[in-house]
Every structure is written in C-alpha cells, then in structure tokens.
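Asker: Chains as they are written, first to last, in the numbering used here: chain A, 18 to 108; chain B, 127 to 220.
If a hint is listed, it holds; no wrong ones were tucked in.
Quick list of in silico lysine to aspartate or glutamate cross-link-like pairs, EDC-like style, CA-CA up to 20 Å: (1) B:207 <-> B:168; (2) B:160 <-> A:104; (3) A:35 <-> A:47; (4) B:215 <-> A:60.
Simulated coverage check for chain A against chain B, where a stretch passes if three residues somewhere in it have a Cβ under 8 Å from a Cβ of chain B: (5) 22-29; (6) 36-43; (7) 92-98.
Pair by pair, the computed Cβ-Cβ distance ranges are: (8) A:85 <-> B:181: 28 to 38 Å; (9) B:194 <-> A:22: 42 to 52 Å; (10) A:73 <-> B:211: 19 to 29 Å; (11) B:200 <-> A:77: 30 to 40 Å; (12) A:91 <-> B:176: 11 to 21 Å; (13) B:198 <-> A:86: 29 to 39 Å; (14) B:161 <-> A:80: 31 to 41 Å; (15) A:19 <-> B:185: 27 to 37 Å.
In short, the hints are calculated from the structure, not lab data. Yeah, the Cβ is synthetic: ideal placement off N, Cα and C, and Gly gets one too.
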Amino acid sequence: MNKLELISALKTEANISKAEAAQVVQMFFDSMTDTMAHGERVEIRGLCSFFVKEYKSYTGRNPKTGDRVTIKPKKLPFFKSGKELKERVDY
Amino acid sequence: MALTKNDIVEKIHELGFTKKKSVDIIESLLELIKNVLEKGDDVLISGFGKFCVKNKKKRRGRNPATGSDLMLRKRKVVTFKCSGKLRNKINNRI
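Excised from the complex, chain A in its bound form (with noise of 0.2 Å):
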C-alpha cells in the first residue's frame, strides 16, 4: 500500500474528506520527520517506535571495487515494532 492509497482508505474508514485525509496523513509522518531531525525520539504505541542513532566516522570499502572510501559521520532512524504490530504480524 501507498501513501495514496493510505489517504483513500483513511477518508472511508474515518468518514472525512479526501482533503482532509491527505492533510492528516501528510501531518502524521511530517510530524515524525521533524521530531527525528531534531534528534528526538517518536513513539506510537501499539504501532513503533523511532530513535536516531548516531554513528561515527569510519573507513569502509566499496563493495564492488574494494577500494577504501572513508564514512563521514551520520544519524540513521531506528526502527522498532510495538508490542501489538508485533504480535499481530507474526503467525
């Protein structure tokens, strides 16, 4: 599924407008975009839970040629499932 048709099923399953369900959906994930760019952690009970990790500079390669390329520092989104999508997911 996508955002399009997440937007479709929400106007539906809560009886809003197209609009309006687009506008909610945009919130929802800008909201968690800039909280993680902040650096600050989300967290959606029942659906997951997001922190950045910070990882510092190291020397990797490159898979292809072999050559030794340096990793400059970065942050990365972690993901982690809450306890009911968890449960609901598996078998």
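With chain A held as given, fit chain B onto it using these hints.
Answerer: Below, chain B alone, put in the same frame as chain A:
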C-alpha cells in the same frame, strides 16, 4: 521530549476537528497501517520510508544472558527502510 500519539491528536485537532474526532482519525489511521502489515503487505510512504514484512526462517540462536542454545521458530517481523529524503533531513542536509 518524544513525539507521542497525544501530540498527533493535538495537531489533528488544530486542523479543525473536535478532540473526539481527532482521536478517531488517528486510531483509524494506525489501525489501517497495522491491518496492511498484518496481511503481509508493505506500506510505502514516499519521502518517509517503507514498512516491510519479512519472513524469518527458523534458526538456532542463543540466549545472550545464559548462553544456552535454543531454537528460534520461523516468524514474521516488520522492518523499516528509511527513504533518502528522510535520511537527508535527519542529517540536516536538505
């Protein structure tokens, strides 16, 4: 401060919905996402990332606390693949 469901409800409320309706909307949205993943489908949000369901085979594992061998059964887990856009925003490279 972590972003929670309550903060999202507050933001939906600011869009002009009643408090009660805002709670309904976010619950519907979360339920929809969980339902799709439960069925084994992926949720792809452009500009944010992709929530994928992965099948894990059963494998021999270890209890890290006691070191004893155990068998991990085959299972399904949700993984998240961050989009390039999200990664750039987190690293403040817009």
